Amino acid sequence: MFLGYKRVIGITALLGWLLLGSCGTGGEEVCDSPLVANLPPSSFRSSSQLTSSHGPVFAKVNRREGAGGWSPLVSDRYQWLEVDLGKRTRITAVATQGRYGSSDWLTSYLLMFSDTGHNWRQHRQEDSLEAFPGNSNADTVVQYKLNQPVIARFLRLIPLDCNPTGRIGLRLEIYGCRYTSDVAYFDGSSSLLYRRSVRPSWTGMEVVSLKFKTLTNSGTLLHAEGQRDSSLTLVLEKGRLLLYHQQGVSSSSSGQLLVSVGSLLDDQHWHHVKLVRLSTHLNLTVDKNTRQVHIPAELSHWDIHQLSLGAVQSHGLQKPILSNRNFNGCLENFLYNDLNLIHLAKKKNHQVSLLVSYWFSIFGTSIRKSASQCHQKVNVDMKSTHDQCYYLRKGGEGVVNSAVDQPISECCVFPSPGCSSSQECRNPFKVFQGCMGLLTLDNQQVDLIKVQQRMLGNYSHLQIDMCGIIDRCSPSHCEHGGRCTQSWSTFHCNCFNSGYRGATCHSSRYEQSCEVYKHRGNTSGHYHIDVDSSGPIKPQLIYCNMTEDMAWMVIQHNNTELTRVHSSPERNQHVSHFDYASEEEQLAAISSQSEHCEQELSYHCRKSRLLNMPEGAPFSWWVGGPGPGQVQTHWGGALPNSRQCACGLQDNCLDSNHYCNCDADYDQWANDSGLLTHKETLPVRSLVLGDVRRPGSEAAYRVGPLRCHGDKNFWNAAFFDKETSYLHFPTLHGELNADISFLFKTTSSSGVFLENLGIKDFIRIELSSSSEVVFSFDVGNGPLEVRVKASVPLNDNRWHSVRAERNVKEASLRLDGFPATTQEAPADGQIHLQLNSQLFIGGTASRQKGFLGCIRSLQLNGVTLDLEERAKITPGVRPGCPGHCSSYGSLCQNQGRCEERDSGFSCNCNQSAYTGPFCHKEVSASFQSSTSITYNLKEPPELNRNSSAWPSSIYSDVTLRGENISLIFRTVQSPALLLYVNSVYKEYLALLINNHDELEVWYKLHSGRDVEVLRSRVTDLADGRLHTVIIRRQADIVSVKVDQNTREDFNLTSDVEFNSVKSLILGKVQESGEMDEELAGLASLGFSGCLSGVFFNSISPLKAALMHPDSPVVVSGPLAQSSCASSSPANPYAAETTHSLSDQPNSVDPGQHLVNAIRSDSALIGGVIGMMIFVCVVALAIIARIICSRKETYRNQEVKAAQPEEGQELPFSSQVDSQSAPTENQKEYFI
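Residue numbers (the numbering used here): 1 to 1231.
I should point out that these hints are in silico values taken from the structure, not numbers from a laboratory.
Just so it is clear, the structure is predicted and the values come from calculations on it, not from any experiment.
Check before you lean on any hint, since a few could be wrong.
Claimed, not checked - Cross-link-like lysine to aspartate or glutamate pairs, in silico, EDC-like; alpha carbons within 16 Å at most:
#, residue 1, residue 2
1, K849, E1048
2, K288, D471
3, K679, E595
Let's have the full structure, built from the sequences with the hints guiding it.
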């Protein structure tokens, strides 16, 4: 029966060989036959044997001859058992068994393979796994199937560990089947040329595959030519495989490098190469490393007309990629689509030409004869992972010791041609790492095999007769363009300028939206946005416009200005295309994750129709949407497919018979403008205007930037209210790299955030205690944990962020903004995380240790899990999670109040003297001596109907027993009145700078008593610098703080009640009849300088005057909004700095010194006041003239693009969206 089975296998193999041209084993042959049982004794060798009855010939599974197996003389790691299978064979599995009737067996071992019995190659199941598991007793047969079959003649097993109570004992079986192939030897002057006899029709895919081995590090493997004189050349250069493209018959260039794959390919081992040409890209695979490259346009409909192997045989004049460097080595099973070219050459097919008679004579006689050239014993050239000189010292670790008659103390070795003699033996602290061959001492070549058999000299920590260099950068585990470098045992990734970080450049350095930056406390500016975090989409620099309610992402294109269209009889249409600063995949991701997107579309017309009638063909249209976009016939403010403008939707067009104002075709200017808000139609990619050729037609258009706000991913949350509740999702796929990030808040002290299980592998993140998070996993090397202990409780019902990453080098865990804790992966261990169960969120499969609280913005490898949708259908879990002010409320500054929203929060700045998204932006103004702001505290009658519009905590019927005052000022005037507050009972409070540049606070809280003056010891306050003043009064205790100086405390003696406050005045006091004479003289001077952040209890008079004209405030004289923090009006950028994420948005620049403009003494005030008024009036007249002139110039420049050629002005202006681009005060942030 066994013979019959073998016959069936043989017939199947023969049929496969005949049908597929002897290109390997061919069909679906079962390849698991035992190969050792029938081998002769000469097929077995070993490093040593304990006795003759323990020899290698007895090492056959389930055999009891001799001592029942092989055992070496010494049980150490330098022993080996070798099996010669007689010819190259396909090996699929290896089985081991201990020595019969003993306590001798292996627990782990290595496998080596070779075609020649020398130059061994170690087999690895995974990229970093070396050892194979052995036995646990002497009788059980343990079989290990190879992930990929190995083609070899010789197998060598090296024991690593054995039973601690016994010694090395082994019986062995190898499983596989025969292997047939067509092999050709190229000697450096031979080549093969294949020409297609019939020009084929173009196909969408062409495939070229082959195996090669060589000792020469450079040479041409193949050259393919097609139509239009385009060619592809695959060359081996310095041990790497390079693919070049050349265009043109007479091209003198060396070609365009398309892709580079592999390294150390000149090691005299077989390497598999596969080149696949598809319609849009090429795939080049070397062994298990595949690289994809987009093909040039010339190759999009290109097919191969002729192929040359081993050299470039071209009919054109193209310059060879490697001049005079033909391939020297062996090729096996060269397949072009379904054709085996070596087999065709063997059959002397007319399509194949053999060049150089030597190669032909070898090949033509017998394919086995050529193959014998490829199976010779060779010596490995010296290779190294370092470019330095090293020396070997007798007796040193990791070196070969000599046993010749003339001993040497040390010998120098130069692993790199770059080493010079001056570097000899200068570095005794480094050892050589690499491979050596052809070692000679005293002109005698050292037989390293005898050294290995310990018949000559001695050695340690060496692998003899093999080169164990591993290229750990091919394929590279560095992501996102990170540059890979390596040492002997590991690799390193340089992530510089990649935008990513971590051991493998996996994690993005940037946030995914402007919304996230805003909730980190950042203000408007340019930020790098990485929309998919660790995904393939590159980061992009985007302007973020942070408003009080929203964070807008603004994506510019090449023409956001109002553009004039002139009528022209020569053209029927005006076409504009818009190129965006973001790439297509970035635009799609931004639109998908944003809650709302919009884009302004405006058309200004004069006798230029837009859409005309709904039932007719439109004159104009635009193209928008993802990818190439689709034609859209609606206009800004209207619904898609409505063929209307905004006025048609609102039923207020100029002509009721049309649905757009411009369709009325009036000989006067009109416009149709509005916002496009349907994301599926955005962005606008091109615009076609049709009615522009008639005489008298005039038009202008504007397509604004794409603006999006909201981040659906950032606020996607679920609330777990039972310990047994959980959400489940598909299995996490992160075999080599996986990153997990989320936010949580809870009042519980423990619970599992996430868990995914495999057969043995798992990954889990949990809150182990009220202050510790644990990230644990197992990829086959045993459980590994990364722990982070926080310095504050984590169950404080505030949001905390977690980011965990696991890759082939390390695992890391980051909590909130603290540095990450890392744990290195075991060296040469398992690296693939293999999971197969569902992913559990908020609990485990056993429903134990469930999480109680909220989880938000959960992302796996940059992809957000939709927790809310899954929570809607899951008992015990609720979608969403309110209560954001507990975590983000501290971002609201300067008495701003945090208000909850469904998605996030906002800062209400009504009670603050500041504005902006975080109430951090100063509200400041420049004052002249005649400027006056009066805030009337008596409530107007009309305000009663809307009492919440303005603060009403102090009015005429309220008596104050304390004040809370703060302001920032800059001036060179002294004396100067900063603030004056009066009452209906002639009581007042005044804040001023005296003649000596000191701050004084005047209190008169009783009309019948003298004023009390509180004088600060801080001087030089009229020096043109910014100064901050904070005054607090509680009954009779007053505290004054100026800048960073020590607080000063004072006591009032007259009274403590400020009765019936009437008004609050900044600048010049218009009515000073009720003042003391000294104060009245000071108040008449006014204030010249800058005031900012003025706050009196809950009143912000300066903010009301500048931003809320409907408030109870009266302004007289010139008042110009400005920035007190500007260092100099001449250079508004002088104070700009590069901000980091930790910068506070309310930092104040102290500014620079200003020139002293006003210095007066109180004794001279009366004499110079008339002159001052005259100078001010003249100055104001001059300034007004200049301002009017500049304003007119600016307006003319602004509409210059829309000016008619004959010089007539359009009746509209180019109003640029203030949110579309940064102003001169907006800063650029590099995050």
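- Structure versus earlier hints, numbers of those that do not hold, lowest first: 1
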